[in-house]
Amino acid sequence: MKHIANPLPILDGHEKASGQLAFAADMKIAGLLHTKLVFSTVAHARIKEISIEKALGIPGVAGIFHHGNTPDNTYNSTIWFEDQEAPQDEQMFPRTVRHVGDRVAAVVAQTQEIADHAAGLITVEYEVLPAVFDVVSTEKTCMENAGSDEVSIFEKPVLEATFDYGNYRAAFDNAELIVEDRITTPKTHHCAIENHICIAMPQDDGRILIMSPCQSIFAVKFVAAKAMGVPASSLRVVKTPIGGSFGGKAEPVLDPLCAYFAKTLGQPVSICFNRNEVFTATRTRSKAIGHIKTAVDQLGRILARDSDILIDVGAYCTGGIFLPDSMAQRLCRLYDIKNQRYRGRSFYTNTPPAGAYRGYGSPQIHAMSEINLDHTARRLRMDPVEFRMKNLIHPNSVDPVMGLEVGNSRIRDCVEQGSSHFNWRRRWSASGKGNRFRRGVGMACATHINGCFPGFHEATTVTLLLREDGCIDLTCALHDLGCGSNTVIAQIVAEVLDILPGQIEFSEVDTDICDYDLGTRASRMTYIAGEAARRTAMGLKEQILLAASLMLNCAVGNLVMEEGKVSGNCEPGRCVSLGDLALHESVRGKLLTTTQTYRATANPGSYAAHFAEVEVDILTGAVKVLDYLAVHDLGRAINPQLVESQIHGGIQMGLGYALFENVDIDPDSGCMNADRFSRYHLVNAPEMPPVEILLIEKGEPTGPYGAKAVGEIATIPAAPAIVNAVNHALDTNLTELPLTPERIVDACRIP
Amino acid sequence: MNFLKQDNLLITEPALKQEPIVLQINGVEYRDYTTATKTLSQFLRETAGLTGVKTGCNEGECGACTVLVDNKPVNSCLILAFQAEGRQIITIEGLLGADGTLSPLQQAFLDYGAVQCGYCTPGMILAAEGLLREIPNPDDREIRRALAGNICRCSGFLNIIKAVKSVASQTDTPVVA
Ligand code: FES
Ligand code: FES
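Chains A and B are the protein sequences, given in the same order. Residues in the first sequence are numbered from 35 upward in steps of one, following this note's numbering. Residues in the second sequence are numbered from 314 upward in steps of one, following this note's numbering.
There could be a bad hint or two in this list.
[To be verified] Okay, derived cross-link-like pairs now, PhoX-like style, lysine-lysine, Cα gap no bigger than 25 Å in a straight line:
#1 Lys732/A <-> Lys36/A
#2 Lys658/A <-> Lys475/B
#3 Lys174/A <-> Lys327/A
#4 Lys658/A <-> Lys351/B
#5 Lys624/A <-> Lys575/A
#6 Lys36/A <-> Lys575/A
#7 Lys372/A <-> Lys327/A
#8 Lys624/A <-> Lys599/A
#9 Lys62/A <-> Lys351/B
By construction, these hints were calculated from the structure, which means they are not laboratory data.
Assemble the whole structure, with the sequences as input and the hints as a guide.
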């Protein structure tokens with residue numbers, strides 16, 4: 035292997051480190067108009083009147099948009115193919131606003147200053163309606179309304195998913211110990227450093243070109259078309275470089291509006307959110323409340339589990355229809371539990387909508403499961419590692435709900451090797467009950483998916499073309515979100531063809547030139563797109579060898595392709611470079627190119643176990659993470675350096691989820707309390723603990739060179755590992771995330 | 314709601330015709346008849362066209378807009394352009410060699426996997442550059458503290474710290490005991 039397992043620096047790193055990479059906000063576009071949105075200041079209201087006269091009178095204002103002069107088509111911003119079914123409850127500008135930060139109007143003007151000023155002159159009269167900010171109240175109302183046809187969709191559950199297998203009732207009846215917890219995970223924000231932005235402009239051919247940092251150009255195209263009420267063919271979408279997303283830019287929030295403004299005004303228009311607007315008017319991670327009940331015997335075998343999850347999707351459904359099932363799917367792929375019941379329900383509240391966010395339900399459900407399991411181990415007086423080892427699944431298990439194989443799942447190796455590497459046993463038994471500073475250790479396991487199989491067109495189409503300079507053009511809608519997925523794909527293609535990764539040139543991600551693709555979601559890049567690239571490269575290699583065999587007059591079996599050339603052993607010294615071969619073919623009217631579509635046939639699990647040691651200051655409630663070990667079963671690391679960075683970044687996010695991050699909706703006004711960086715603490719450089727990484731590389735047979743995903747799972751076990759460590763340090767059972775200093779001090783107070 | 318912009322301040326034509334603001338950026342003089350309310354980050358991005366300067370919050374919290382002003386890292390969103398008059402400003406573009414080669418620190422960021430999406434990168438590199446100009450051989454604690462005002466949401470900081478350390482240890486300045 036030359037390029038697989040090579041810690042190659044990210045391919046576009048030079049542009050990034052030199053500041054030359056042009057993000058959307060850096061593009062110079064002649065005649066570009068700027069937009070300022072007017073947002074609802076109330077959580078739920080009918081708009082009685084919008085007064086725009088004053089704003090219209092400001093010189094430089096090009097247009098003002100609101101519900102009275104924009105299409106009222108309903109849509110769901112979560113879809114990624116044209117006829118995908120999802121509740122359509124969003125509108126460009128709704129007549130009834132459903133959260134503080136909902137869209138009321140927009141001013142488009144010659145400069146941002148003029149737009150800002152004019153937007154401030156718009157006044158809105160509201161007829162205030164009752165609002166709910168917590169999912170428990172919504173659930174209650176929905177239960178009361180059940181059966182009535184009179185209620186709106188917002189007063190009904192978004193979705194309920196259940197499964198029930200084995201005989202959990204009997205198992206609970208016979209259990210020696212039942213441990214029950216109510217665990218809550220907070221509404222959090224992605225905090226990609228690049229704010230949301232979109233640019234749209236009319237093209238000469240009459241179509242509208244949309245340019246934005248997105249996770250799927252096709253999702254943008256279909257969502258915008260639906261919202262605008264125009265054929266998707268009248269839109270073209272190009273992805274711009276993306277300054278972080280983590281799911282936050284998966285759903286097109288600005289694109290439908292921006293495209294409509296550009297179409298109406300016949301001029302290029304941009305919408306560029308500021309940080310406060312990104313917090314309050316884009317997407318969040320759903321808040322969730324779980325009741326988990328686990329039944330065990332004295333030996334520590336899990337007999338049964340019952341999980342009841344309430345998910346707060348916020349003001350609009352978006353992906354809320356998928357969350358209950360996603361959580362169910364991940365819950366049953368980690369432990370071997372013979373009797374299990376699950377009910378997951380998502381509900382609306384009048385808070386900013388939830389949406390995709392790294393892990394899509396996994397951080398919530400695994401936090402709940404892992405915190406409850408630690409509690410169970412404590413009640414059993416059993417080492418939590420030993421307890422988990424008795425119950426973790428084995429490789430090639432079949433999940434009891436969907437019937438899918440989990441693949442070469444090495445979670446047992448993760449826990450076994452991790453606990454020995456971390457000196458778990460010793461650290462765990464050393465009961466460091468200091469006075470003010472208490473030490474503790476915690477660990478947690480997790481699993482996540484690899485792609486969308488068996489649902490949703492899980493396929494990727496890649497085209498490769500050998501150029502006359504020996505480089506390869508790769509055409510595919512690959513949405514590198516900044517973590518280096520294109521570098522990984524280049525390494526895979528380079529490995530097959532024995533060229534340099536830098537010789538692979540990626541096409542623009544443009545709906546005009548790329549085949550349909552789901553985009554970056556569901557941890558599908560390395561596992562699905564990587565395998566598609568590998569297979570297409572194999573196809574191209576075959577063509578190259580065939581062409582070379584004719585040119586060199588040597589049987590394919592006697593040819594070797596290495597270091598950018600093909601040589602035959604028929605005539606010593608006879609060889610041809612790949613570039614010359616392409617030239618040779620092109621003068622004969624032939625291109626060395628191939629297009630292949632790879633359809634996934636499996637969805638193995640990626641697995642991880644994280645171990646943490648913390649020190650809690652019971653006087654201030656501050657938690658310091660002293661040491662951290664992340665063990666990942668990722669099949670094989672195509673690029674260990676990028677893997678490492680992904681894991682570090684995942685831990686940064688998971689630490690925040692455990693200790694700090696919560697957008698915190700004010701229960702009276704519905705306003706977001708932590709609506710900017712100065713009020714939303716992110717783990718910074720001094721707070722980041724030392725992290726050791728252990729990779730379990732035993733290969734997944736269905737992945738490219740054995741690889742599985744790592745990007746999303748990297749963050750999932752971090753929060754429960756930290757929470758479990760704090761509970762170990764304090765001998766508490768804290769179950770409400772994040773563990774803020776207030777909550778910790780409260781728990782330590784002598785009653 | 315919106316705390317970032319001067320909502321009630323409409324910039325009108327007469328305000329534009331005043332004394333020019335003159336700034337020394339990467340050794341080049343930039344002159345502009347601009348309003349007194351323009352922040353340094355706006356001047357750098359819009360007037361000087363140096364879009365390597367990023368903004369992520371405009372409230373001094375993310376550090377994406379960090380530039381060097383007289384060798385000290387400054388959040389360029391927090392000061393007004395005219396406040397930087399008469400000082401030497403260095404942006405990420407100013408660290409490149411004449412032929413476009415990366416500086417040792419930029420190269421280290423690349424080699425150590427400290428760059429992911431790249432949005433925090435220019436500000437992060439300049440915060441580190443400022444540290445190294447002040448303390449050529451910083452220890453782990455000093456590096457972490459110098460980067461405390463810069464947020465990276467992708468990389469978890471550890472490879473950034475390693476990259477800075479690698480450049481620090483190349484310099485010959487004796488470590489002060
Ligand atoms: S943009 Fe200046 S600190 Fe965030
Ligand atoms: S590399 Fe993306 S924010 Fe730092």
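Original post:
Given the proposed pairing of Lys624/A with Lys599/A, does the C-alpha separation stay at or below 25 Å?
Top reply: It holds: about 19 Å lies between the C-alpha atoms, which stays within 25 Å.
Original post:
Hey, Lys62/A versus Lys351/B, does the alpha-carbon distance stay inside 25 Å?
Top reply: Measuring from Cα to Cα gives roughly 19 Å; hence the hint holds.
Original post:
Under the criterion that the straight-line Cα-Cα distance not exceed 25 Å, is the pair Lys732/A, Lys36/A satisfied?
Top reply: holds, 19 Å
Subject >> Pair hint outcome, Lys624/A versus Lys575/A [Cα-Cα no greater than 25 Å] >> reply: holds, 15 Å
**OP:** Could you grab the alpha-carbon distance between Lys372/A and Lys327/A and see if it respects the 25 Å cut-off?
**Re:** Holds, because 14 Å separates the two Cα atoms, which is no more than 25 Å.
Original post:
Regarding the pair Lys174/A and Lys327/A, is the alpha-carbon distance no greater than 25 Å?
Top reply: holds, 22 Å
Original post:
Holds or violated: Lys658/A with Lys351/B, Cα cutoff 25 Å?
Top reply: violated, 40 Å
**OP:** Verify the proposed pairing of Lys658/A with Lys475/B, using a straight-line Cα cut of 25 Å.
**Re:** holds, 21 Å
Original post:
Are Lys36/A and Lys575/A close enough, with their CA atoms no more than 25 Å apart?
Top reply: holds, 17 Å
Hint 4 alone, counting from the list given before, is not met by this structure.
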